[in-house]
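Following my numbering, the residues of the sequence shown are numbered contiguously, the last one being 390.
Because the hints were derived from the structure by calculation, they are not lab data.
Some hints could be false.
Claimed, not checked - Capping the alpha-carbon separation at 30 Å, the derived lysine-lysine pairs in BS3-like fashion look like this: (1) 202 to 225; (2) 61 to 18; (3) 371 to 292; (4) 105 to 202; (5) 18 to 345.
What the hints assert, rightly or not - Quick list of the computed label-pair ranges, beta carbon to beta carbon: (6) 154 to 370: 46 to 54 Å; (7) 386 to 118: 55 to 63 Å; (8) 372 to 163: 38 to 46 Å.
Using N, Cα and C, we set each Cβ at its ideal position, and we do this for glycine too.
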Amino acid sequence: MPTYARADLAFEKGEGPYLYAQDGRRFLDFGSGIAVNTLGHAHPHLVEALTEQAKKVWHTSNLYRIPGQEKLAARLVENTFADTVFFCNSGAEANEAGIKMLRRYQYVSGHAEKNRILVATNAFHGRTLGTLTAGYSDKYREGFGPMPDGFDRVAFGNLNELRDAITPETAGILVEPIQGEGGICKAPEGYLEGLRKAADEFGLLVMFDEVQTGVGRTGKLYAYEWSDMVPDIISSAKGLGGGFPVGALLANEKAAAALTAGMHGTTFGGNPLAMAAANAVLDEVLKPGFMDNVLAMSQLIRDGLAVIARKHPGFIAEVRGMGLLLGMKTVPTNVDVVAKLRELGLLTVPAGDNVVRLLPPLNITKTHVDEALAAIDAAAAALAQ
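Please build the complete structure, drawing on both the sequences and the hints.
Put into structure tokens, the structure is as follows:
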């Protein structure tokens, strides 16, 4: 179906941070399948883990115990605030599960009237009807109405507006700690802590959408760790499987207790193949020094972009983000920049607010950074206004 405006490129092989097209051209992948390929392409440990599991069992359904789920859940619990984990297949599914959890928590707590969720401007939470409504873009909702009710929108980063929007019907708050699709917009200082304080004051739950920010992308396993607060629920996907589809909802016991047996489920979620891939990703991401490399490469990119901005004043308006979730707000149209970079052998991803996302694999080296910066410099020379 014609649902994608695809570039005229088809890749037949990947190795590390590189993709090779059918015509033999090599591209440095600073898009990572939209922040998915955590360890690049054909990582030996991921290939081995998935291949070995494929020889054993692919799917049994959640009618039975799945040891890989139990192992992965234990590791996520050990390394986060969470007490329990639900596995699914995508970020949108994880967010849908979280929305259900926010509402049902209030229901089983004797507050059935609390069923509305506060969401933010410029948010993106997925493409299902529920997550489209929680998201901000009218363009993505056009022609799909009527939309589900139950969401109230406030300005991202404005605590006063958020507190004023809380009513006796409010169940919880859903935000991204760094808005990805919206333009790599980081929550202002103190904002996330303010959400927690307001939620505690009014008996609400706080859920973070960490689909794009999670699994080391910002230099910590999850982005909430950069703040002085702890959410009740986070959604995770994208980088968790390193390229294999997997989603997860992490929650504390208080929130998760609302979803009793039969209240939510999935046929494919948490299948043995996905669990093998995700456990292999954690094997690498949790190694000592891994996050140090993410932060070091991030600083190298930022330093290089600062040089390019001075050299070509009409190209980079602002650099945003954390870790290897970086965004260049460009003076030229971002889609033109993405196209020029692609011509120069560098793959990037557009975002809102005229931003070009730089989302490389988390295990890149200085050599890869230097190569990417050279391409960005060349693009700036061609496009600077």
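Worksheet item: Can you give the numbers of the hints that this structure goes against, from lowest to highest?
Response: Structure breaks no hint.
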